[in-house]
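A.B. asks: Sequence:
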Amino acid sequence: MAAAAATSPARAAAWAFAAATCVKLLLVPTYRSTDFDVHRYWLALTHALPARRWYTDASSQWTLDYPPFFAYFSRLLALPAPLVDASLVSLPVPDAPPSFAYLLYLRLTVAFSDLLLLLASVLLLATDALTRRRRPFLSLALVLWSPALLAVDHVHFQYNGFLMGLLLLSLHFLEQGRDLAGGVVFAALLCSKHLFLVAAPVYFVYLFRHYCCGRGVVRGLGRLVLMGAGVAAVFAAAFVPFLYYGQMQQLFNRLFPFGRGLCHAYWAPNFWVFYILLDKILAFLLRRLGFNIQIPEASFTGGLVGNSSPFAVLPKVTPITTFLLVILAMSPCLMKAFSKPQPRHIIRWVSYATTCGFMFGWHVHEKASLHFTIPLALIAMDSLEDAKHYFVLSIVSCYSLFPLLFENQEYPIKVMLLLTYATLMWVGFSSHFAAKSPQEGKKVNESGNVVRKNSFIGWISFSYLLGIVAIELWSQVFHHYVFGSRFPFLPLIMVSLYCGVGMMYSWMWQLAWIVRH
1 MAAAAATSPA RAAAWAFAAA TCVKLLLVPT YRSTDFDVHR YWLALTHALP ARRWYTDASS
61 QWTLDYPPFF AYFSRLLALP APLVDASLVS LPVPDAPPSF AYLLYLRLTV AFSDLLLLLA
121 SVLLLATDAL TRRRRPFLSL ALVLWSPALL AVDHVHFQYN GFLMGLLLLS LHFLEQGRDL
181 AGGVVFAALL CSKHLFLVAA PVYFVYLFRH YCCGRGVVRG LGRLVLMGAG VAAVFAAAFV
241 PFLYYGQMQQ LFNRLFPFGR GLCHAYWAPN FWVFYILLDK ILAFLLRRLG FNIQIPEASF
301 TGGLVGNSSP FAVLPKVTPI TTFLLVILAM SPCLMKAFSK PQPRHIIRWV SYATTCGFMF
361 GWHVHEKASL HFTIPLALIA MDSLEDAKHY FVLSIVSCYS LFPLLFENQE YPIKVMLLLT
421 YATLMWVGFS SHFAAKSPQE GKKVNESGNV VRKNSFIGWI SFSYLLGIVA IELWSQVFHH
481 YVFGSRFPFL PLIMVSLYCG VGMMYSWMWQ LAWIVRH
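So for the sequence shown, the UniProt record's numbering puts the first residue at 1; every next one is plus one.
Just to be clear, a hint being listed does not mean it is correct.
Listed next, with one range per pair, are the computed distances between beta-carbon atoms [as the list claims (entries may be wrong)]:
| # | residue 1 | residue 2 | range |
| --- | --- | --- | --- |
| 1 | S60 | G230 | 29 to 37 Å |
| 2 | C213 | V501 | 38 to 46 Å |
| 3 | P80 | P412 | 27 to 35 Å |
Within a straight-line C-alpha distance of at most 20 Å, the following computed DMTMM-like cross-link-like pairs (lysine to aspartate or glutamate) qualify [claimed, not checked]:
| # | residue 1 | residue 2 |
| --- | --- | --- |
| 4 | K24 | E410 |
| 5 | K24 | E407 |
| 6 | K316 | D279 |
These are calculated hints, taken from the structure and not from any lab test. Backbone N, C-alpha and C define an ideal beta-carbon position, used for all residues, glycine too.
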């Protein structure tokens, strides 16, 4: 690690990316989820059909439900596909399992699109907005070697690396004071994946105050018009063709299917896990006390997927409720961005906004934790407290994704990825802060606990992480012996609930940091 850090940033980045690519190639034949079939179909759809049919075609269950820029991206990836395998872009998609060339091509498109993540990470690594010095090499390694990103993109199959690259590129521009470029790139991100809308309030407030205000009325209005024109041009490029086709309502329904319900089939470890559990406990207690409580059909084993979010005792949750909660949770950050917009804090503010969306949003997928863990990796070494927070958060985030890779042959892979990453963080953080200052090797934190070089995270965090080991042992070993085939959803509940504690800690830690600074 030290040797890599001593070389030029470009060589170090190339080495880190090459190492990550080698791991990705080894993961080519691993399990792939239905998301593989989704993107496989979108590749064929955007190549074989004209754009006017992309959002109306219903010949497959894998209908296109990403914004137009991602559809254009799929179209771009499909251009060389016939040279590899003509069935890659043929409709209907063959039911037969894909050939190895077919599989390899799609896997390589994900690895190739990660080049944008590499570029954005290197740019952010080059200059720290806080100290105006180069960020440590380990920050880059934490992004490129993220086990959660490797598992989701290169096993489960998605293109989060490409999307996170757009987000980090936008954050780089904002850190450097190039607000117009940052706003335009963020608009391109929204036109690629609309779930990043949760960060839009922070972007709007920050850009309005930092780019438009405090420069005189005329100049301020001019900048507001310029920013609006840039963002409008991006959205026009994405949506005007479909407005011309008269498909905006259809497109909107595809992008925002509110009928899917509050929670995903596997519950993301957020606030709603506790809300659901509280409802179940209250219903059980009230029924034992003789009250006539109707238990809704959706249960723990049902995953609460449907057109409503049924609860036995607590009030029903609606999309507008979750929206208001997200904005309320985000409000301290918005006030900070409005009162004192500072480029050096923009990564934290955007990360906190996406954390709020994850914790309180509607139908949140567990994979959305990447939206804040990846940016926070870049500032994990800004201070010892940041390192301790990220150490816990990254492990919890990765472990919460374990149920996505449920086949036995992938079990050693996900465990080794997480353990290797945890070891990298432990050694890297301990060495960095021990070398940075003689006082960092032994430091008294706010609660009065001594943080030693060999145990920098503290006994509370260490005990919590040990609990993950206990949860995993129960899920893999003891649950079968105690319950047999009964309660198959119980291990998933335990993972969601336990990881939800860690996610709540991260949200509160970030909130406390924003309030203090």
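A.B. asks: Against each hint, give a clear statement of whether it holds in the structure.
C.D. replies: To see whether the hints hold, each was checked on the structure:
{"no.": "1", "hint": "S60 with G230: 29 to 37 Å", "result": "holds (36 Å)"}
{"no.": "2", "hint": "C213 with V501: 38 to 46 Å", "result": "holds (40 Å)"}
{"no.": "3", "hint": "P80 with P412: 27 to 35 Å", "result": "holds (34 Å)"}
{"no.": "4", "hint": "K24 with E410", "result": "holds (14 Å)"}
{"no.": "5", "hint": "K24 with E407", "result": "holds (18 Å)"}
{"no.": "6", "hint": "K316 with D279", "result": "holds (10 Å)"}
The earlier numbered hints are all upheld by this structure, with none contradicted.
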